[in-house]
Every structure is written in C-alpha cells, then in structure tokens.
Amino acid sequence: MNAVAESTRQLVRLRGRSYVAFVFCPVVPIAGWLEELDATIARSPGFFVGKPVVLDLSALNLSQSAIAHLVASLEQRNIRVLGIEGVDAGQAAKSLPPLLTGGRHCLVKQSEAEKPQAKPKSTSLLLETPVRSGQSVVFIEGDVTVLGSVGSGAEIVAGGSIHIYGTLRGRAMAGVNGNATARIFCQKIEAELLAIDGYYQTAEEIDTSLRHRPAQAWLEGDAMRITALH
Amino acid sequence: MAKVLVVTSGKGGVGKTTSTAALGAALAQLGEKVVVVDFDVGLRNLDLVLGAERRVVFDLINVVQGVAKLSQALIRDKRLENLWLLPASQTRDKDALTDEGVGGIIADLRTRFDWILCDSPAGIERGATLAMRYADEAVIVTNPEVSSVRDSDRIIGMLDSKTVRAERGERVEKHVLITRYDSGRAARGEMLSIDDILEILATPLLGIIPESQDVLRASNVGSPVTLNNAASAPARAYVDAARRLMGETITMVVPTERKGLMDRLLGRRAA
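Protein sequence lines, in the order shown, are assigned to chains A and B.
Numbering-wise (the numbering used here), the first sequence opens with residue 1 and increments by one.
Numbering-wise (the numbering used here), the second sequence opens with residue 1001 and increments by one.
It should be emphasised that the hints constitute simulated quantities derived from the structure, not laboratory data.
Cβ coordinates follow ideal geometry from the N, Cα and C atoms, glycine included.
Mixed in with the good hints there might be a few duds.
As the list claims (entries may be wrong) - Between beta-carbon pairs, the in silico distance windows are:
no.: 1; chain 1: B; residue 1: Q1213; chain 2: A; residue 2: D222; range: 55 to 63 Å
no.: 2; chain 1: B; residue 1: T1098; chain 2: A; residue 2: S63; range: 46 to 54 Å
no.: 3; chain 1: B; residue 1: A1002; chain 2: A; residue 2: S44; range: 43 to 51 Å
As the list claims (entries may be wrong) - Derived list of chain B stretches under chain A, where covered just means 3 residues or more per stretch with a C-beta under 8 Å from a C-beta of chain A:
no.: 4; region: 1148 to 1155
no.: 5; region: 1192 to 1206
Let's have the full structure, built from the sequences with the hints guiding it.
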C-alpha cells in the first residue's frame, strides 16, 4: 500500500508572477478620503472592479479594528483589497488581507478613466420639435437650430447664431456672451424681439414689409440690420 | 386597453367642460365605457353640465384622502349607462390634490373603464398639471383667437415635458379641437382661420365645433349637447370628433346649422 501511495505523490510546484496593483494611500480624515474616492468612482464607474488593489497605510497609525473597517468600506464599493503595506505584523488581524513588502513603483495607465471626458462639448444645439410658448431654450456654448416654429412667448438664447426653419413668433437673442458676429435667420419673421450681443429691436421697430418673409438679422457697428433672405 | 385623455386649454372659458361632457357622452353612445373626471377642485362645473349636481355625495378629494372608496364617489349617468362621473370637491382647493393620490385613482380607473376623460381646470398650476400628468392623449380646446391659441401652444409645451409619458421619453398623443368657430366671421377675417391655428400649433386637428346656441341651451338643462339635441351642428361635430378618437377616419367638415324658415323666425326660444 505504501508503494502505491508513493508513486502517486506529486510535487508542489511554485511559480512566481508579478502584477501591477493600484496602491491606495488613505489620508486622515478617512471619511473625507472615501468621499474623494466615491467622486472618482462616480466619474468612471467600474474603474476599480476586478483590479488588484493594495492598501498603503504607512502614513497612518490605525488600530486593528480601524483597518478592518476601512477594508470593509472599500468592499462596499466593490473594491477588494489584495494586501496591506506599511503596518506592523502586530496590527494586522488574521481576517485581514496579507501583509506585503518589497513592492516596486511603476506607472499606471489611466486611459480608461479619461475616455468619458475626452468627448468634446458640442458647439451647436439642434431642436427637432417646435419651441412652444413659455419655453426658454438657453445655449451659451454656440449656435441653436430649430426645425420648427418658435411660438409667441417662447425664447431662444444662444451664444452663437440662431437658425429657425419655421416661423419665429417669439424672442431670439443671439451672441449673448459678446459675440457681435452672431446672426439670426428664420423662414418667416413674426418675431416679438430680436437681439444680438445686447442690441435689440422689438416687433414695433421691425419693418412691416419684412413680416411673414424669410429674413436674417445681423449687427453693423451698433445698429441692427434686418433684411429679407433671397 | 384603457386610455386616459386630458381635455385642456390653458385659457379659461374656451369650452373644456362642455367638450369633456360632449365627448364623454358621445363615446358612451358609441358603446365605450367612459368616466369623466372633474379636476377643477373648488370650481367644479362638470356635475352641472351632466345634470348630476344633486347626486354628488363623495368627490375626488375624498378618494385622494382615503375618506371614501372610488366606487362610492362614482356617479352613473341616468341617461347613458356607460357614462360615469367622478366629481370634484367644491369646498376645497387644488392644493388638496397630490401626485400619488391622483396616480392611484387613475390606475384604479384604468382597470374599470375604456376611457378616462380628465376635465382640466384653466391655468398652468397644480390642478392643470395633475390633470395632464398621467394622460396618454390630450385634446387641446382652442377658440379661433390669438390669446387662446398662444395659451394652447404653452399647454402643448407642458404636455411634451411635464407628463409621466414625456418623462419616460414617450409621446402624449395630442389633438386640437377648435370650438366656437363661426365660419361667417372667419370668412370676413374677424377670427383666426383654421389654417392659421393649425400652422401655429403644429398639431393634428380633431374637430371643429361651430358656435351655436345649442351648446348653452344644453348646458342650462344639464345635458351634454350630444344627448340634448343630437341633430344639432355642434352635436354632430362632437360625435365625429369622438369617432376620430376611436381611430375612425372621417372627413373634416365645418358643420353648419340646418336652418329652415321657421327656425330663423323662431330660433331664439330659450330652452
């Protein structure tokens, strides 16, 4: 029987392998540090999921229960701690992740975290439905295009130009942040008020011969010009 | 599938309550099971137009607050067994309405009826927003004059943003109902034309209800115009509108009074 047992015995082979782990260096107050961490997670959810994380506690002097609490707080955020650095063997309870030493510094690629922010902000706003009375569309970043009418009592406020492929019955204010080159275009002008870079004209001042026609408005010095579009 | 339909306008006095009663009665006459719900808490009228004012015991607010059961507050019409009324409270105001309370009642009504017609109060405040809150469809009642049309435009904007359907990214199906239309005055340019109204509102037309003495006469005797004088021009227009709501395709005509000599001589007699 002995001989059989010896023949099936296998050697335990040990192999070495190294991984790059994120190192968290919490600072006091821990609550504030956790808030900061939450903000990071909110910006890129799932960033730490499945990634090895090591806790470097050398800057802190935490009791055994405080360390356990910190590890539990991280676990609540779906972050599993692989090991702990910078504590004495006496401070670490058996239930906690193992102590690590001899880690080497290396760079971590953060490309994943930056992806969502890489998208450039749009400089134009397209509205495919009519803008109804009482609605106010404010878009400081650039041009506004409306594929419909702008109702009486509605207003469009744009940092750039305003294009309306319908009847403009409400107010249009273009170039609101000091853009004197902004213009207002519409298929049919019945506007209550037009303004470009703070210079405005009310319905009364708009030439009645232009009414119900396609028109554009622009600034010439400090005078507003409104002409028919051909 | 029950349909919740809000009858709204923004402006007051354009004919929301009359239209709710007339459309409700017309749908009931076409065999649908209908409840009309008065959301004008504090200024209720729908009970009068339906001739049920003497039978109101419990109301919408009692049900919202859990004082009465829905079945206790519902009043069945005496003429049409398919038509029910949920009256508003006259002694309270719109603050007594809560979002959850209204949501609960609408959900309950959906299990009992084919059509739930919500008669909205005028304005854009709590009563009006809660009346439209759970709507699947909307009838926007508009008179052919500029202030009414602009207020309707405002209400359409709210239907597209403040309803549960809009918040879920769905659409509330909208219809424009033009009331108090006088073809003679429109021809003389004294009121907005149908085309002008539809161009401004960019919303499909459900019907054109002509200006008529029959409407006032019917209200005064507490009867929807579609029941009181089914042959009258407004009654026929409302029935056509109700059929269109049910999905039928009916050519749009401006119904006119059939006037004989005797009608012209004796047309003014009070009801």
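Given a hinted range of 55 to 63 Å, is it respected by the beta-carbon distance of Q1213/B and D222/A? Given about 58 Å between the Cβ atoms, the range holds.
Would you say the region 1192 to 1206 of chain B counts as covered by chain A, given the rule of at least 3 residues with C-beta under 8 Å? The restraint on the region 1192 to 1206 of chain B holds, since 3 of its residues have a Cβ under 8 Å from chain A and three suffice.
That 43 to 51 Å hint for A1002/B and S44/A (C-beta), does it hold up? Since A1002/B and S44/A have Cβ atoms about 44 Å apart, the given range 43 to 51 Å holds.
In terms of beta carbon proximity below 8 Å, does the region 1148 to 1155 of chain B have 3 or more residues touching chain A? Held - the region 1148 to 1155 of chain B has 4 residues with a Cβ nearer than 8 Å to chain A, which meets the minimum of three.
Distance restraint evaluation - T1098/B, S63/A, Cβ atoms, bounds 46 to 54 Å: 50 Å, holds
In terms of the numbered hints stated before, the structure departs from none.
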